[in-house]
Amino acid sequence: MNVLISGGCKNGKSAFAQDIAVKLSGGGRRFYVATMIPYDGEDRKRIENHISDRSGMGFTTLEIGRDVGSCLDIAGENGTFLVDSITALLLNELFSSHGGEADPEAAERCIRGLDRIIRQAENAVFVTDYIYSDAFRYDEFTESYRSSLARLDRFLAKECGAVIELCAGSAIFHKGGFEL
Amino acid sequence: MDLIIGGAYQGKLEYAKNKYALSDGGIFTCAEDGNIDFSFPCLYKIQEYTLYCAKNGIDAVGVFKSHKNEWENGVLICDDIFCGVVPLGKELRAWRETTGRLCAYLSHEAASVTRIFCGLEQKLK
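Respectively, the protein sequence lines represent chains W and U.
Take 1 as the starting number for the first sequence in this note's numbering and just add one per residue.
Take 1001 as the starting number for the second sequence in this note's numbering and just add one per residue.
Where hints are given, some of them may not hold.
As the list claims (entries may be wrong) - Below, in silico cross-link-like pairs of lysine-lysine (DSBU-like), each with a Cα-Cα straight-line distance of 35 Å or less:
#  : chain 1 : residue 1 : chain 2 : residue 2
1  : U       : K1090     : W       : K175
2  : U       : K1125     : W       : K23
3  : U       : K1045     : U       : K1123
4  : W       : K158      : U       : K1017
5  : W       : K158      : U       : K1125
6  : W       : K10       : W       : K45
7  : U       : K1123     : W       : K158
8  : U       : K1123     : U       : K1017
9  : U       : K1068     : U       : K1090
10 : W       : K10       : U       : K1125
11 : W       : K158      : U       : K1045
12 : W       : K23       : U       : K1017
FYI, nobody ran anything at the bench for these hints, they're computed from the structure.
Looking at chain U on its own, in the form it has when it is part of the complex (with noise of 0.2 Å):
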């Protein structure tokens, strides 16, 4: 699995679809509606996925974890959401943990790790 992070707007999803060959059919967007389709090559947007984790009790890396075998060869990408102050709101702070703990399992068992800065790649891992 290739583990692509970077801010918002930094030209995450463009760098992957160059790199991996991705057609738009391949990529899953997750939205807060806690779908999530492990069966897609690349996931797209996996902090909206973890904001409705966060919102709903549901424990992300848990799900993460029981799916593996399907996204251990796949493309996953998602926000860096961790330079700003302490939210105020309950939600948003559990937001940014879950989704913390999130990339750091997901970076611990990524095959490459790449930040994306001002649509540069910085290869992490």
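Excised from the complex, chain W in its bound form (with noise of 0.2 Å):
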């Protein structure tokens, strides 16, 4: 089964996705693909965190900034795949080869790299951020990672066999639903 879970900044969706994560393996083997690439003190405080958090969860991690469809390469097929999370692995696709530059295939080699792991992950969970709710005008290029990053959810959205928004530790399910 394939997972999708958005929601507002800081509201818990990383450590409601390890329990889902959890409960969708039963026994099997669980992956954490840390899709992050630190780049200060702040980035590694929080990396630290998370680690924290999901210890003695039973989580292999696997750091992959870029390419997400290799964590498969890594660890065969056979297990559930929680991804954390899709707005930073955007990030570093846009900015994975042309210095400085956004590359604008990124969207498309992040739907790539995703729809491989939809087809043939056993399971998987995706973590992404809702950030289109806000009364303000952005330059252009964060508009369009905007615009990239909806695109992106809206395809695991689309192919997901639920997709749930998570406000304040609590989930709406907008499709599919399970026991929690």
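Each of the two chains sits in its own frame; use the hints to bring them together as a complex.
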């Protein structure tokens, strides 16, 4: 089964996603596909917090900042893959090889990798961020980032069997459903 | 009238086109120029019109009320811009306020209200 989890920032999406992944996996293998590439001490601290949050839950961490589908080359298809987060993945792909210029192929590349996980992995849980409801006029780059991320979200929402919006740690099911 | 709201890039127009079999010619896309044509069956990007209203001191709710007979059987689409921090700029604050008041009024008048989330519909009314 594939599950998409979205919602506002800092309201417990990662912890919730970990619980879902554990549940989906039963006794099977669990992989945490960590997409964030740390750039400073603040990032490293967040990563440490996430690692300690999931310690003892049986996840093997795969640090994959780009080409997300390659997690299957490393781990095989047999297992539950928690991809956290789509937001960071897109950012990394946007700045992969263009020396400061945003890569126009980034969203398409992300979709190919995510599609591979959806088709081949036993189970997958994807975490993304809902960043579409504020009253602000962003610069062109930020708008193109927002529209690309929304494109990935809509792709995942279409393909996943369950789509959950998390609000203050509580789940709103937009599609599918299962016992939490 | 059917009201469709949701965040930016969520697929609101695509949803409306499929749901109501709208042709491109039936959709009026608002821009920040103050033009709005209530004779179209679908008004899209209403938040662009309200931005113009906020910047120019126009009462958007009043304008909509005075054209009610034209849109009351239509489809209205507006971005949800209500979940961020209070904007620092005065114009953007007025924009959020005006858009919020308009959406609350339209939501009250609507036969149905649908929120689009990642392309999926969520029935609110």
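Now for the hints, and whether the structure bears them out:
no.	hint	result
1	K1090(U) <-> K175(W)	violated, 39 Å
2	K1125(U) <-> K23(W)	holds, 34 Å
3	K1045(U) <-> K1123(U)	holds, 20 Å
4	K158(W) <-> K1017(U)	holds, 17 Å
5	K158(W) <-> K1125(U)	holds, 23 Å
6	K10(W) <-> K45(W)	holds, 15 Å
7	K1123(U) <-> K158(W)	holds, 18 Å
8	K1123(U) <-> K1017(U)	holds, 17 Å
9	K1068(U) <-> K1090(U)	holds, 29 Å
10	K10(W) <-> K1125(U)	holds, 29 Å
11	K158(W) <-> K1045(U)	holds, 24 Å
12	K23(W) <-> K1017(U)	violated, 38 Å
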